[in-house]
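Chains F and W supply the protein sequences, listed in that same order. All residue numbers for the first sequence refer to this note's numbering, where the first residue is 1 and numbers rise by one. All residue numbers for the second sequence refer to this note's numbering, where the first residue is 1 and numbers rise by one.
No lab work stands behind these hints, which were simulated from the structure alone. Virtual Cβ for every residue (Gly too), placed ideally from N, Cα, C. Any given hint could turn out to be false.
[Unchecked claim] Just some of the chain W residues that point at chain F, by a computed CB distance under 10 Å:
(1) Glu74
(2) Ala154
(3) Glu203
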Amino acid sequence: MAGELPQGSLCTSNHVSNLIEELQYSLGEGPCVDAYRDNKVVLEPDLAHPVVPRWPAFSPKALEAGVRAVFGLPLRIGAARLGALNLYRDQPGPMSDNQHADALVMASVIAQWVLDTQAAAPHGTVAPDLESGANFHFVVHNAAGMVSVQLGVSVTEALIRLRAFAFRENRLVREVAEDIVGRRLRLA
Amino acid sequence: MNTTREQHIVQALVDIADNLVDHFDVVELLTNLADRCVNVLGVSAAGVMLESPPDELRLVASSSEAMQVVEMFELQANEGPCLDAFRTGERVGHEKLQSGSGPWPQFSKVALASGFQSVSALPLRLRDATIGALNLFSIEQLPMDECDVLVARAFADLATITILQHGTVTEGRELNEQLAGALASRIVIEQAKGVIAERAGIEVTEAFSRLRNYARSRAMLLTDIAQAAIDGTLEPVAWASPTSIDP
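If we strip away everything but chain F, and leave its shape as in the complex, we get (with noise of 0.2 Å):
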């Protein structure tokens, strides 16, 4: 994550953290969001019934994915706050002692080879290994181009737009893309 928005995921394990991952990037809520932006683990053990109710855009949609538990753990190295770690259950209920210690320990393990792996980046871009899971076709950063000076927004705001675009309508970025250079298509 970089700044205020989530930049998008590094590698989810299937197609519901993928979805999770996804909607807290176009939505710009959620447990991942909240850990980051507050450098603490958020817990919800029950995204259907939660004590404080919360993410009003996210929980519907987790929640139609099958999501009844989500965590959020801040990936951080001391004062560094590089991201955030996902967990979800498809069960209600908190993580018991056992998996709290063991999530939080994975935490400090993915955080160091986050900063390992970038460390190794040339200065101004990110590490290949962190993008390959983000690899987008030129067309895309075409589009970002084109999109950054039609909104008067940057090229980072630009792709951000144009992913959740994408989502929202349920198409590739790919095709989004496409459209808007062949100027079929212009994003509001």
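Starting from the known structure of chain F, fit chain W onto it as the hints suggest.
Just chain W now, with coordinates in the frame of chain F:
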């Protein structure tokens, strides 16, 4: 071989070698290489793929920005002559592509749909390091002339040495960084194409030509011009005027 062609070849080699001493832009270098292959070897299209991230081939430069040509290269991440040349470290060729069959059924289909009938790929290789492949396409069904193969190999070898900077970088982290840098440059250029296409109200292909012409005319690096376009610091004259025909 006749004198004019010989002159072109020598000039091409000199130009590539110039980059050994000068500050250079990898994407510009490889785009020039691809153009020269088309001019000197009489192939219809040429492209260069590099290994970045590790074990993945991505297009970094091509003689044509046409979408079908670019797509054809993007397919080659999974199947095709570039991948074979890259993996084996040997030249690979097929003078009569057949849709849906042969060594690359899916790739052949797309190549034929774009009008290409034969294909050849040479590894970009220095000693044990193969960093990518040079891909040549022709609309005719012809095997490559042996003379042309030698010339293509000379271009490829010289480009490889230039990218690896005097051959001192051949392994691990530094090599991966350089290749990642080349791909990052390509992405900046792709984004800049979109920015300029929108600003000037033109197609992305034309946007690339204008950026490239401007960079050349000012003796500046293409990637730097592209970054300026994205940052909004590029003067309008860079994109405002139509491209003149390339010599």
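Hint-by-hint comparison with the structure:
no. : hint   : result
1   : Glu74  : holds (6 Å)
2   : Ala154 : violated (29 Å)
3   : Glu203 : holds (9 Å)
Violated hint: 2 only; the structure is consistent with all others.
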